[in-house]
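Spelled out, the chains give:
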Amino acid sequence: MTEQAYNFAYLDEQTKRMIRRAILKGLAIPGYQVPFASREMPMPYGWGTGGVQVSAAVLCPEDRMKVIDQGADDTTNAVSIRSFFERTAGVETTTSTAEASVIQTRHRVPEMALSEGQILVYQVPIPEPLRFLEPRESETRKMHSLEEYGLMHVKLYEDIARHGHIATAYAYPVKVEGRYVMDPSPIPKFDNPKLSDCAAIQLFGAGREQRIYALPPYTSVVSLDFEDHPFEASKPDHPCGLCGAEDSYLDEVIMDDAGGRMFVCSDTDFCEARRLAGHKGKDAA
Amino acid sequence: MTDQPLLSVRNISRHYGAHIGCEDVSFDLYPGEVMGIVGESGSGKSTLLNCMAGHLTPDRGQVVFDTRADGPRDTVTMSEPERRMLSRTDWAFVHQHARDGLRMGVSAGGNVGERLMAVGARNYGDIRTKATDWLGRVEIDATRIDDRPSTFSGGMQQRLQIARNLVTGPRLVFMDEPTGGLDVSVQARLLDLLRGLVRDMGLSAVIVTHDLAVVRLLADRLMVMKSGRVVEQGLTDQVLDDPQHGYTQLLVSSVLQV
Amino acid sequence: MIELQDVSKVFTLHNQGSAVIEVLSGVSLSVKPGECVALTGSSGSGKSTLMRMIYGNYMAQSGEIRIGGTDLVKAEPREVIRIRRETLGYVSQFLRVVPRVATLDVVAEPLRAVGVDAETAQARARALLTQLNIPQTLWSLSPTTFSGGEQQRVNIARGFAHPYPAMLLDEPTASLDAQNRQVVLTLIEEAKARGAAIIGIFHDEAARDRVCDREIDVTGYAPRRAA
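Chains as they are written, first to last, in the numbering used here: chain A, 1253 to 1537; chain B, 56 to 313; chain C, 266 to 492.
Just so you know, the hints here were simulated from the structure itself, not pulled from any lab data. Please note: incorrect hints may appear among the correct ones.
Said to hold, decoys possible - Here are the in silico distance ranges between beta carbons for each label pair:
| id | chain 1 | residue 1 | chain 2 | residue 2 | range |
| --- | --- | --- | --- | --- | --- |
| 1 | B | D155 | C | E480 | 57 to 67 Å |
| 2 | B | D202 | A | T1327 | 39 to 49 Å |
| 3 | B | D202 | A | L1276 | 40 to 50 Å |
| 4 | C | N280 | B | T198 | 36 to 46 Å |
| 5 | A | P1387 | C | G413 | 31 to 41 Å |
| 6 | B | G97 | C | A383 | 25 to 35 Å |
| 7 | A | I1506 | B | D202 | 28 to 38 Å |
| 8 | C | A439 | B | R123 | 45 to 55 Å |
| 9 | A | R1393 | B | G236 | 45 to 55 Å |
As the list claims (entries may be wrong) - Residues on chain B that point at chain A, a partial pick, calculated with CB under 8 Å:
| id | residue |
| --- | --- |
| 10 | M133 |
| 11 | P136 |
| 12 | E169 |
| 13 | A173 |
| 14 | G180 |
| 15 | I182 |
| 16 | S240 |
| 17 | A243 |
Stated by the list, open to error - A few chain A residues that don't get close to chain B, going by computed Cβ distances all over 10 Å:
| id | residue |
| --- | --- |
| 18 | R1272 |
| 19 | G1402 |
| 20 | H1405 |
| 21 | A1413 |
| 22 | Y1432 |
| 23 | S1475 |
| 24 | E1479 |
| 25 | D1480 |
| 26 | I1506 |
| 27 | F1515 |
| 28 | G1533 |
Beta carbons are placed, not taken as given, at the ideal position from N, Cα and C, and that holds for glycine.
Using the sequences and the hints given, assemble the complete structure.
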């Protein structure tokens, strides 16, 4: 039921070709930020305009699409982007990670290992990992081209000096194939190890900043750290209240005004699948 | 005595349109030597310094530096990555205004540690130990290591800038009016500190200043510039006490005696 | 050790109508190791100028000034600095130091400059300061605040810290009391005994008679004014 007023997946074919070229260049140079002519999308910046354009450029009519926001399929952002593609591309949608061929995500990587043939599209607010300390774009580009990444460690140093440990908990910088330092988008650092050696294609789109970057399958991605303060993929030290999983990333949910709270999987599909398989947490009804 | 200059400047010229920045300047700087460049505002001393340090590209001439790996190389024609590498390992640049040479949003320790991390240091404990040591050497209390330079006095900021520059053990330091804008008592302390560091580390340095007292205390040799050209050069105390050129005589006689 | 050959000095004052003042011409002299020579002549005859030329502080217009074989007139600045560091000491009448540096370090500095370790250098400095009767309470202070006589003695201690093979002394006993004058003369005699070649200016005739082997009257080198 594609609405005839729009081209397939909303964007015109020329734009999609332009974006695909940027994606191919990104795949050829893993971790390198490719500029692209980001279009106005019918949603505000910050709502995933970059991710939506990348998804639109890679979608085929036979694809099955999943959209998650903070791991959940049922939040406003996820629901509206999913219905956007249902209306403009007429593709099938799903909440199942295993069944999806294209997954657009904001702030999470699914718990389940992805497989070859899948594409994971990240929404990126600020693609430049060096921006924290160096405001000049001309200078950060030069630093990337000359591999001058000392500044990245200054950020981590400041963390340890101030907090006693590396307090950066999300958007934790990584080095791709021993070359480019990359911002993995604001995913929790718990998800960083999933980026490395992943079977799926990973694409990153920043709409406002007009950058696309990519990780081809099985790319080595290393989180930056110090020898004496090694990277740790930390998460809240609890099992999931609903499915009892001990190895998934958790959301803390406040239950009442008396300070009652529970921890549940942030990946709703993962949690549901476990509960269907009979796993039960301590807070499960 | 080594006969290989550390820095060999050959016929450096830089014009700004029809205006002369500096014209046909040549000299050799040997390991451990400190050279002062004096002249009034607009005499071309800062242009020359920036041409040497790679911040400006000269119109003509060579700046040959004796690199550790490959011996003498012309830094004007070397590739940018090589020159940038040089400027954070073997070279240092101390700016007149500390805020041009510091990251004001980063702690003192992070400022000192940056060059170490830039050349591959990846052990937090080691970096911190080195930073603490250097803060001590420039007489900044170790308890200030996690404070931002914006909370420091002008003299402290300048000393922090020096620590940040010297932590990687450079062989050549460029200084642009390092004591400018500081109180006299703070200047004396900084000069004493610089003198000690230069001697202990065997540094070579080029110091641009208009303060003759600074060069008398720090520089072995002196170059006097006027309208972009070198009018006189030689041993510092000889140039100051027995100037040969009319302009130098005027310059020396214009200083108020205290 | 110190050899001058046909040295002359002319000051040209470019900002005073390019006035040309000839001060010395045809100076030739030689000082052997272990010898002390006094420069004499009336005030303004050029003793201090000649001394400064031998130190490389004033530029000679012609001739040769050889210190241990190196000609200072033609030497590169770094060679002059090396000679001053290792070979040629100079005790001037005025103390010129970086403010804030402790007296002990001021005196030890010439030894540190030739690579002597801090402990040995300071031990030597302590011995000299004691010998020259500088109270120990002053050692950690900067000499810039000292009295004239104290500054002069610090200057002498500094000048004698390193055993230079050649030394220039500009009025070393001026403004000293009898006891310290005695100490300084002993230091000069010790330096001679270890083989230092010394040129000095002494207004103190008794001192001159005691330590100097011969005298050179600088008045003889004044250019003929008619020229």
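Outcome of the hint check:
no. : hint                           : verdict
1   : D155(B) / E480(C): 57 to 67 Å  : holds (59 Å)
2   : D202(B) / T1327(A): 39 to 49 Å : holds (42 Å)
3   : D202(B) / L1276(A): 40 to 50 Å : holds (48 Å)
4   : N280(C) / T198(B): 36 to 46 Å  : violated (53 Å)
5   : P1387(A) / G413(C): 31 to 41 Å : violated (57 Å)
6   : G97(B) / A383(C): 25 to 35 Å   : violated (44 Å)
7   : I1506(A) / D202(B): 28 to 38 Å : holds (37 Å)
8   : A439(C) / R123(B): 45 to 55 Å  : holds (51 Å)
9   : R1393(A) / G236(B): 45 to 55 Å : violated (33 Å)
10  : M133                           : violated (13 Å)
11  : P136                           : holds (5 Å)
12  : E169                           : holds (5 Å)
13  : A173                           : holds (3 Å)
14  : G180                           : holds (5 Å)
15  : I182                           : holds (7 Å)
16  : S240                           : violated (31 Å)
17  : A243                           : violated (32 Å)
18  : R1272                          : holds (32 Å)
19  : G1402                          : violated (3 Å)
20  : H1405                          : violated (4 Å)
21  : A1413                          : violated (5 Å)
22  : Y1432                          : holds (15 Å)
23  : S1475                          : holds (13 Å)
24  : E1479                          : violated (5 Å)
25  : D1480                          : violated (5 Å)
26  : I1506                          : holds (34 Å)
27  : F1515                          : holds (31 Å)
28  : G1533                          : holds (38 Å)
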